[in-house]
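Engineer: Protein chains in written order, with our numbering: chain A, 1 to 331; chain B, 1 to 260.
Please keep in mind that the hints were generated in silico from the structure rather than gathered at the bench.
Calculated pairs, DSS-like style, for lysine-lysine (alpha carbon to alpha carbon, straight line, at most 27 Å):
1) B:K251 - A:K229
2) B:K242 - B:K31
3) A:K243 - A:K7
4) B:K251 - B:K233
5) A:K207 - B:K248
6) A:K273 - B:K194
7) A:K21 - A:K304
8) B:K251 - A:K200
9) A:K273 - B:K248
10) B:K197 - B:K76
11) B:K251 - A:K207
Some residues of chain A that are not near chain B, with every Cβ distance over 10 Å (derived):
12) K25
13) Q128
14) Y156
Examples of chain B residues toward chain A, derived with CB under 10 Å:
15) G46
16) E47
17) K194
18) L210
19) G211
20) H215
21) T234
Quick reminder that beta carbons are idealized off the backbone N, C-alpha and C, glycines included.
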Amino acid sequence: MALLDIKNLTLEISGSTGWMKALDKVNLRIEEGEIRALVGESGSGKSLIVRAIVGAIPDNWRITADRLTWRGRDLLTISRSERRKIMRSEIAVIFQNPVSSLDPSATLGEQLMESIPRQIVADTWFWQRRKKRLQIAIKLLHKVGIKDHQKYLHAYPHQIADDIAQKFLIACALVSSPQLLIADDPTRGMEITTKIQVLKLLSQLNKTRNLSILFVSHDLLAISSMANKMTVLYCGQTVEDGKMVQLRKRPLHPYTKALLDSAPSFRKDLPPKSPLTTLDGTIPTLQHLPIGCRLGPRCPRAQKECVKVPELRHVQDHFYSCHFPLIREKE
Amino acid sequence: MTTLLRVEDLEFKQKPKRGFFKKQSKFTLSKVSFELNAGETLAILGENGSGKSLLGKLLVGAEVPSGGHIYLNGQKLSPYNLKQRCLNIRMVFQHSNESLNPGINVAKILGNPLILNTKLNASERQKKIEDTLKLVGLLPDHMFFYRHMLSDGQRQRLALAKALILDPQVIVADEPFAALDPSVRSQTINLIMKLQKDLGLGFIFISHNLGIIRHISDRVLIMQDGNLVETGKTDVIFNWPKSEYTEKLIKSHQSLITPR
Chain A
1 MALLDIKNLT LEISGSTGWM KALDKVNLRI EEGEIRALVG ESGSGKSLIV RAIVGAIPDN
61 WRITADRLTW RGRDLLTISR SERRKIMRSE IAVIFQNPVS SLDPSATLGE QLMESIPRQI
121 VADTWFWQRR KKRLQIAIKL LHKVGIKDHQ KYLHAYPHQI ADDIAQKFLI ACALVSSPQL
181 LIADDPTRGM EITTKIQVLK LLSQLNKTRN LSILFVSHDL LAISSMANKM TVLYCGQTVE
241 DGKMVQLRKR PLHPYTKALL DSAPSFRKDL PPKSPLTTLD GTIPTLQHLP IGCRLGPRCP
301 RAQKECVKVP ELRHVQDHFY SCHFPLIREK E
Chain B
1 MTTLLRVEDL EFKQKPKRGF FKKQSKFTLS KVSFELNAGE TLAILGENGS GKSLLGKLLV
61 GAEVPSGGHI YLNGQKLSPY NLKQRCLNIR MVFQHSNESL NPGINVAKIL GNPLILNTKL
121 NASERQKKIE DTLKLVGLLP DHMFFYRHML SDGQRQRLAL AKALILDPQV IVADEPFAAL
181 DPSVRSQTIN LIMKLQKDLG LGFIFISHNL GIIRHISDRV LIMQDGNLVE TGKTDVIFNW
241 PKSEYTEKLI KSHQSLITPR
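Please work from the sequences and hints to get the whole structure.
Structural biologist: Given below as structure tokens:
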């Protein structure tokens, strides 16, 4: 059974021009022990999906879905306290900007020890609990690769480097030994050596603890090195979904192809200083979304039919939604 | 090929601020020398805090170097003659969004450098602004727009227009591609390469993205802790790195590209 199963998730935001569909029938499925990448540019609704899963939804948003289940339990109908319990013990999230999502007025040690749930230290006397918490905290820090725990437990968030903060947040997320880790752009703005450390740590956790990871990012380089499966999102619509290897070798949707082509690192045959292939124009804003396939106005293969939303089709387990996919036509 | 920009033994020492209780933070940039030909691209690569942004600031004259000289077309640039400097070497900042004034429209954003640095009259300025906007792929109508009305890609184009409007010979860009989405990023890269070809600009940019560096730069300069580690032609550095640090960087980049 899938851990997290989302089918036809639609998220609407009320604005001055009525309800705007920020997410339009998104499908996402995470199996046990897999790393799934969620790729999209800014404004494509990646973070909205994360917030819909977590349940951090303001009053002026409306969520409808055919299915939004966590291990068979419907997240949309269960009570708030139960949902919070799931979020506390089974799903963990690390947010985009590591330094700013930590409390600036407390030391890292205090924050990490605070996040250790009471059940874990319940079998000790109350005067032993502080010590036990400290032990657990140190152990966790070692696990994520911070060796110098003395130095960092007493540091404040502004004193530490970005990658340490990121590792620290991963440690915080691992306290309750979750089954799913949602990482929202964990490698943003990092340089390559620290980026690799964080990526290695994540894939190690995936292997040793059988932790499923939802890796949200637009850094294709980072994603392709670790993810098993990939979902591509454009303007709140799922564009393509399938195994990483397959998608990289033969993308079926023009948008996926454009994304892959835009990274010069993937193309060894490209002569230096030659122009890169791009899509014209930019991502439309929420107020001016085109009807039908939202890539329509930018798509090189667009035709008349594209004003209708394409259905989800598939070739084996490779899903795509496009009227004119990049399949070589028979001659 | 003529040498456009020559930098000799440029160094920078932060002067400790006087005071009994202040901690003395010291950061030094040890001697850096390099050359840049017209129409060439130089990439600066290094960790956070390795002094690459500082080098960029020294080149545009935002910081005064404590030693060394910068020559432009064989002519020595004085560290205090900022007018001469900003006519020839212009900077593009990392966050194009924050470097644009939200309170004035595009015509004024582009017009102000012209008023301050040239003797053009109003109608000539108007024409220059229109030409520059067309050059970077925007429309003359964008003159009446404010910052918030432009998309990310358009802002980046505007930031580039702001740098180009004084017809500089060298452009220094501090992580121009980092904050951009993939599709907009390749548009910007194409634009810069086209402008460079047409105008013969020297382009110096600071970046983390080795894929892009490999694609567009002619030379690479690698820095670590304020020291120059290695410099040379791009394919030489990428294929036969000399120092350990460079090798580590390139290996880690390769490990990301090659599929498991």
